[in-house]
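A.B. asks: Each chain, letter by letter, is given below.
2 protein chains.
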Amino acid sequence: MNCDQSTYCKCLYYAANALSRNITKIAEDSFASVDLAPSYAFIVMTVNKNPGVNAGELAKIMMLKPSTITRLVEKLEKSSLIKRFHEGKQVLIFPTKTSMELDSKIKEAWAGMYNKYVDLLGKEFADKLTQDVFKAANLLE
Amino acid sequence: MNCDQSTYCKCLYYAANALSRNITKIAEDSFASVDLAPSYAFIVMTVNKNPGVNAGELAKIMMLKPSTITRLVEKLEKSSLIKRFHEGKQVLIFPTKTSMELDSKIKEAWAGMYNKYVDLLGKEFADKLTQDVFKAANLLE
DNA sequence: ACTCTTTATTTGTATATACAAATATTTATG
DNA sequence: CATAAATATTTGTATATACAAATAAAGAGT
Numbered sequence: 000m001n002c003d004q005s006t007y008c009k010c011l012y013y014a015a016n017a018l019s020r021n022i023t024k025i026a027e028d029s030f031a032s033v034d035l036a037p038s039y040a041f042i043v044m045t046v047n048k049n050p051g052v053n054a055g056e057l058a059k060i061m062m063l064k065p066s067t068i069t070r071l072v073e074k075l076e077k078s079s080l081i082k083r084f085h086e087g088k089q090v091l092i093f094p095t096k097t098s099m100e101l102d103s104k105i106k107e108a109w110a111g112m113y114n115k116y117v118d119l120l121g122k123e124f125a126d127k128l129t130q131d132v133f134k135a136a137n138l139l140e
Numbered sequence: 000m001n002c003d004q005s006t007y008c009k010c011l012y013y014a015a016n017a018l019s020r021n022i023t024k025i026a027e028d029s030f031a032s033v034d035l036a037p038s039y040a041f042i043v044m045t046v047n048k049n050p051g052v053n054a055g056e057l058a059k060i061m062m063l064k065p066s067t068i069t070r071l072v073e074k075l076e077k078s079s080l081i082k083r084f085h086e087g088k089q090v091l092i093f094p095t096k097t098s099m100e101l102d103s104k105i106k107e108a109w110a111g112m113y114n115k116y117v118d119l120l121g122k123e124f125a126d127k128l129t130q131d132v133f134k135a136a137n138l139l140e
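Going line by line, the protein sequences match chains S and U.
0 is the number of the first residue of the first sequence in numbering that gives the first Met the number 0; add one for each residue after it.
0 is the number of the first residue of the second sequence in numbering that gives the first Met the number 0; add one for each residue after it.
Treat the hints with care, as some may be off.
[Claimed, not checked] No more than 25 Å apart at the CA atoms, straight line, and that leaves these computed lysine-lysine pairs for PhoX-like:
#1 U/59 with S/104
#2 S/24 with U/115
#3 U/24 with S/115
#4 S/9 with U/77
#5 U/104 with S/64
#6 S/9 with U/88
#7 U/127 with S/127
#8 U/104 with S/59
#9 U/115 with S/9
#10 S/48 with U/9
#11 S/115 with U/104
#12 S/127 with S/9
#13 S/134 with U/59
#14 S/82 with S/48
#15 S/127 with U/64
#16 U/24 with S/59
#17 U/9 with S/24
#18 U/127 with S/134
#19 S/77 with S/104
#20 S/134 with U/104
#21 U/127 with S/9
#22 S/104 with U/134
#23 U/104 with S/127
#24 U/74 with S/122
Everything labelled a hint here was simulated from the structure, so no lab data went into it.
Here the structure is a predicted model, which means the values were calculated and not measured.
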């Protein structure tokens, strides 16, 4: 798009949502190879790396709300990609055989996504942008 | 959040979505004063500025899919904030008395949102980031 | 004028995400 | 110890957004 609607180009809400939709599309295409939506793939990776992580920690790591984690995790459990165990008031989340077998394929898909957007943005710009966007997300939290 | 999950900090998908959620929250708070979710407020502003814009153009301007525009616009029509007229295969969208009366309040809310995130990010960073994010969104389209 | 293709919009359906309220457990206080 | 407060998770409900298929209108080629 060009910048005719000049006001919008100056609005972070507008720009950030457009970016989010477009990068999500790229991520979805990449993770299609493991038949997972990106958020689910991220959770599987995180749980594989941190077996026994609890739901609240997972929410913080993923920057999602606890209720969202519940929703995502209950679907992953149905597909046997994680297991949940109640421990007191906490819920601990563990990988499964399936999820661990899938791990390297997920990481490949992840690398594929990275290569795709680096290809479109250029490595330098992509890396700097990611850093800045991440910084902004934290400042606005 | 800190950068313990170092991998995520390097992922544009992750960062962009986090930013999108956080800035959307700020936008929702600002536009609450006019009782509109941000996307609706943007459409009203755009239609007020471009009376008779058609749905497809609106989709392009907003960087949303036509089906999404249909959905948003049909709700706005129910609240009498736009009117639709069929002209051949196109649908032309017009402001209403109500939407025009609301225009300055929406713009105030918009300015409030801008001030809020500039306050949190600093003006220089905010403006540069918006520009970069917008550029990236276009490159990834 | 009639079919074929292209363009514009809508509809049916699905998904990620969130908020507010509910539930369950732990900790603190009187 | 018993009740109150705090913490962790889930549930009910709502929303924005998209895709794929359906519809409708316009244009092109014969």
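A.B. asks: Does each hint hold? Answer for all of them.
C.D. replies: Hints, verified against the model:
Simply put, residue 59 of chain U and residue 104 of chain S have alpha-carbon atoms about 36 Å apart, too far for the 25 Å limit, and the pair is violated. For the proposed pair residue 24 of chain S and residue 115 of chain U, the alpha carbon gap of about 29 Å is over 25 Å, so the pair is violated. Straight-line distance between C-alpha atoms of residue 24 of chain U and residue 115 of chain S comes to about 29 Å, which puts the hinted pair past the 25 Å bound. For the proposed pair residue 9 of chain S and residue 77 of chain U, the alpha carbon gap of about 30 Å is over 25 Å, so the pair is violated.
Proposed proximity of residue 104 of chain U and residue 64 of chain S is contradicted: the alpha carbons are some 31 Å apart, above 25 Å. The straight-line distance between the Cα atoms of residue 9 of chain S and residue 88 of chain U is roughly 33 Å, outside the 25 Å bound, and the hint therefore fails. For a cut-off of 25 Å, the pair hint linking residue 127 of chain U to residue 127 of chain S stands: about 12 Å separates their Cα positions. With a C-alpha separation of about 36 Å, the suggested pair residue 104 of chain U and residue 59 of chain S falls outside the 25 Å cut-off, and the hint is violated.
Taking the CA atoms of residue 115 of chain U and residue 9 of chain S, the gap is about 14 Å. The hint holds against a cut of 25 Å. Of the pairs offered as hints, the one joining residue 48 of chain S and residue 9 of chain U holds, with about 17 Å between alpha carbons and a cut-off of 25 Å not exceeded. Under the criterion of a C-alpha separation no larger than 25 Å, the hint pairing residue 115 of chain S with residue 104 of chain U is inconsistent with the structure, at around 42 Å. Distance restraint check for residue 127 of chain S and residue 9 of chain S: the Cα-Cα separation of roughly 20 Å lies within the 25 Å cut-off, and the hinted pair is therefore satisfied.
Of the supplied pair hints, the one linking residue 134 of chain S and residue 59 of chain U is violated, its CA atoms being roughly 29 Å apart against a limit of 25 Å. Between the alpha carbons of residue 82 of chain S and residue 48 of chain S the distance comes to roughly 14 Å, so the proposed pair stays at or under 25 Å and holds. Proposed proximity of residue 127 of chain S and residue 64 of chain U is contradicted: the alpha carbons are some 29 Å apart, above 25 Å. Between residue 24 of chain U and residue 59 of chain S the CA atoms are separated by roughly 17 Å; this keeps the pair inside 25 Å, and the hint holds.
Pair hint residue 9 of chain U plus residue 24 of chain S holds up; C-alpha atoms about 18 Å apart against a cutoff of 25 Å. For the proposed pair residue 127 of chain U and residue 134 of chain S, the alpha carbon gap of about 13 Å is at most 25 Å, so the pair holds. Distance restraint check for residue 77 of chain S and residue 104 of chain S: the Cα-Cα separation of roughly 20 Å lies within the 25 Å cut-off, and the hinted pair is therefore satisfied. Among the hinted pairs, residue 134 of chain S with residue 104 of chain U is inconsistent with the structure: their alpha-carbon atoms are about 31 Å apart, more than 25 Å.
Distance restraint check for residue 127 of chain U and residue 9 of chain S: the Cα-Cα separation of roughly 9 Å lies within the 25 Å cut-off, and the hinted pair is therefore satisfied. Between residue 104 of chain S and residue 134 of chain U, the direct Cα distance comes to roughly 31 Å. Violation of the 25 Å bound is thereby established for this hinted pair. Taking the CA atoms of residue 104 of chain U and residue 127 of chain S, the gap is near 36 Å; set against the 25 Å cutoff, the hint is violated. For the suggested pair residue 74 of chain U and residue 122 of chain S, the alpha carbons sit about 42 Å apart, so the restraint of at most 25 Å is broken.
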